[in-house]
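Given chain A's structure and the hints, the job is docking chain B onto it.
Residues per chain are reported as follows:
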Amino acid sequence: MGFAKFLVKSALRNRSMWFWGVFFILFWIALGAYIYPKGAVNIIQYGAADVARLYTADWLTWAAIYMPTGVMVGYLYMLVYSTGAVPYLIRFGRLRPLKYLLSYYVAMTASSLIFTAVVAAIAIPMMWHGLNYNGLHVPIDSVLPASAAGALGFVGSAALGAVFTTSFMFLVFLLALRMPKHTTRIAFIPMVIYFASYYSYLYGVVPRDAIALVPFVSLVGLGVGTYAGYGDAPTQLMPDISYGRFAAPPTVPAWQVAAGALAWIAALAALSVAIIGRIRYESPELLRAEM
Amino acid sequence: MIELNNVAVRVGDRSAGGFTVGVGRMAVEGKAVLLGPNGSGKTTLLRAMAGLIPYSGSIKINGVEVGEARGMLEVSSNLPEIYGMAYYVWGLLEVLEDFKGIDRDEFAEIMKRLNLDLNEIVKRPVFALTAGQSALVRLALALSSRPRVVLIDEPFENVDPARRGVVAKMLLEYGDEGVVVTHELDVLRAFKALHAYLMLEGRLYGPIEVGDLLESGVVEGEAQGALLTVSIGGKTYSVVKGGGIRFGEMGSLNRLYGLLE
Numbered sequence: 430m431g432f433a434k435f436l437v438k439s440a441l442r443n444r445s446m447w448f449w450g451v452f453f454i455l456f457w458i459a460l461g462a463y464i465y466p467k468g469a470v471n472i473i474q475y476g477a478a479d480v481a482r483l484y485t486a487d488w489l490t491w492a493a494i495y496m497p498t499g500v501m502v503g504y505l506y507m508l509v510y511s512t513g514a515v516p517y518l519i520r521f522g523r524l525r526p527l528k529y530l531l532s533y534y535v536a537m538t539a540s541s542l543i544f545t546a547v548v549a550a551i552a553i554p555m556m557w558h559g560l561n562y563n564g565l566h567v568p569i570d571s572v573l574p575a576s577a578a579g580a581l582g583f584v585g586s587a588a589l590g591a592v593f594t595t596s597f598m599f600l601v602f603l604l605a606l607r608m609p610k611h612t613t614r615i616a617f618i619p620m621v622i623y624f625a626s627y628y629s630y631l632y633g634v635v636p637r638d639a640i641a642l643v644p645f646v647s648l649v650g651l652g653v654g655t656y657a658g659y660g661d662a663p664t665q666l667m668p669d670i671s672y673g674r675f676a677a678p679p680t681v682p683a684w685q686v687a688a689g690a691l692a693w694i695a696a697l698a699a700l701s702v703a704i705i706g707r708i709r710y711e712s713p714e715l716l717r718a719e720m
Numbered sequence: 109m110i111e112l113n114n115v116a117v118r119v120g121d122r123s124a125g126g127f128t129v130g131v132g133r134m135a136v137e138g139k140a141v142l143l144g145p146n147g148s149g150k151t152t153l154l155r156a157m158a159g160l161i162p163y164s165g166s167i168k169i170n171g172v173e174v175g176e177a178r179g180m181l182e183v184s185s186n187l188p189e190i191y192g193m194a195y196y197v198w199g200l201l202e203v204l205e206d207f208k209g210i211d212r213d214e215f216a217e218i219m220k221r222l223n224l225d226l227n228e229i230v231k232r233p234v235f236a237l238t239a240g241q242s243a244l245v246r247l248a249l250a251l252s253s254r255p256r257v258v259l260i261d262e263p264f265e266n267v268d269p270a271r272r273g274v275v276a277k278m279l280l281e282y283g284d285e286g287v288v289v290t291h292e293l294d295v296l297r298a299f300k301a302l303h304a305y306l307m308l309e310g311r312l313y314g315p316i317e318v319g320d321l322l323e324s325g326v327v328e329g330e331a332q333g334a335l336l337t338v339s340i341g342g343k344t345y346s347v348v349k350g351g352g353i354r355f356g357e358m359g360s361l362n363r364l365y366g367l368l369e
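Heads up: the protein sequence lines correspond to chains A and B, in order.
The working numbering puts the first residue of the first sequence at 430, with every later residue one more than the last.
The working numbering puts the first residue of the second sequence at 109, with every later residue one more than the last.
Isolated chain A (complex conformation) (with noise of 0.2 Å):
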């Protein structure tokens, strides 16, 4: 697998990655540990470690699912840079368009779980310093994973966040291959749904029956809910502490949001496989036009 070694040598070398994936999250966790629970910790009587980890949970998960948004946006330009290259390497070298795929699937997972590992090691302890600064004095492990079965669960939950942003938005670069002049806008495309899917989670109400069938939404819970200890997504990422005490939400079962995760997986990969073999050369010079 040396092209999936080099797609993950290429992404940790990568500088701009890890000033946007590493340093950038970061930013926004410390204004998660210092700055927004101001005020909200006073009305938390009881439960107040099941509110710390609940909220360490999602930044985390957060965190876990933008990263291959980003990462991704890097493998574009080297898609649109081989346009040229794959169509000659299918007729005249190794590459087969489901080993090239799967490739581009190891290497983003592994990258993403490196740079979201970096993160979580800064991140858990910070956001345990900013909680107590603000008032909410919890131990340090109120802002680890639930167990070790949790903890395994969150890792295996981003990895198949990563295994379906990466098949997401592999595809919807191949269809983009075609428009090298808005390929920008259209790379920051899965990134916007991602947020725009985090958001309504965290602040709207999802049906519970949809859940499921949304990855953008289900593996977030599923990250959430392996890390807080529930084993399966909440139905809300907001703690409730309504009446000043924790009320864990109700849940959809873990191997519901795995099977819809994975049946998208299939679908989406057979397609880019199905494309891949059909890429033809397109001047990268046409990026320039979008400038």
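What the hints contain is simulated information worked out from the structure, not anything from laboratory work.
A portion of the hints provided could be inaccurate.
What the hints assert, rightly or not - So the derived list for chain A, only partly shown, Cβ under 10 Å to chain B, looks like this:
1. Gly431
2. Ala433
3. Phe435
4. Lys438
5. Ser439
6. Arg442
7. Tyr506
8. Gly522
9. Arg525
10. Ser532
11. Ala539
12. Arg637
13. Arg709
14. Tyr710
Claimed, not checked - Distance condition first, Cα-Cα at most 27 Å in a straight line; then the derived DSS-like pairs of lysine-lysine:
15. A:Lys434 with B:Lys231
16. B:Lys168 with B:Lys349
17. A:Lys528 with A:Lys467
18. B:Lys231 with B:Lys220
19. A:Lys438 with B:Lys231
20. B:Lys277 with B:Lys300
Think of the CB as a built atom: it goes at the ideal place given N, C-alpha and C, for glycine as much as any other residue.
Frame of chain A; chain B shown alone:
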């Protein structure tokens, strides 16, 4: 063997002055040189042979239609469109090692022959190579898979005279069959034993032996005993041995139009 039959390849839009490159019949056994001035369509034809752009008609390499070829590792090209997959040269090496089976030791050996510092070049972004370095690195990458069939585009362009001789030698050493595209006539002496095709305004003429071409010249009109009769700018010209505007003295086919005026 490389065979083209009734091939047409569209270049650009009609509204932007695009035209069609047309080849009635071309059959290359061994290696051949494809000559023509800039803009004549020779690189377009090579792109079609390398599977980069669509074409109508038939292009076969060793009996396999290019449009349907899969996994033919023995064919290799240096076209720049193929080498954009990675940002750095080291990245290209890794990708092509996986997908094309290039040999790093062979690449290092070729770079040494070309007098290029391998350790310095591999660290550089592909776009940061000079035009000459880019041409040489792409050629080195193309030949590092030890191909049997080579499709080489303008290997001498922007290359300094000292290295041109090395490039010419390598093009004779590597590959049993193939097409080398160039407009440089100065280096043709190294390929005297090969056949040459001329591409002018999207039309293919030939073959003619390189040795005969270097001793021939272009005269206006149809001449008896002409080696080739070509059309340039709507007028008929003949390639005749020993007369006219001599190919061997032109230096580059890019001067052809200026000399014919």
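Verification of the supplied hints:
| no. | hint | result |
| --- | --- | --- |
| 1 | Gly431 | holds, 3 Å |
| 2 | Ala433 | holds, 9 Å |
| 3 | Phe435 | holds, 4 Å |
| 4 | Lys438 | holds, 8 Å |
| 5 | Ser439 | holds, 6 Å |
| 6 | Arg442 | holds, 9 Å |
| 7 | Tyr506 | holds, 9 Å |
| 8 | Gly522 | holds, 4 Å |
| 9 | Arg525 | holds, 8 Å |
| 10 | Ser532 | holds, 9 Å |
| 11 | Ala539 | violated, 16 Å |
| 12 | Arg637 | violated, 45 Å |
| 13 | Arg709 | holds, 7 Å |
| 14 | Tyr710 | holds, 5 Å |
| 15 | A:Lys434 with B:Lys231 | holds, 17 Å |
| 16 | B:Lys168 with B:Lys349 | violated, 32 Å |
| 17 | A:Lys528 with A:Lys467 | violated, 50 Å |
| 18 | B:Lys231 with B:Lys220 | holds, 16 Å |
| 19 | A:Lys438 with B:Lys231 | holds, 14 Å |
| 20 | B:Lys277 with B:Lys300 | holds, 12 Å |
In summary, the numbered hints that this structure violates are 11, 12, 16, 17.
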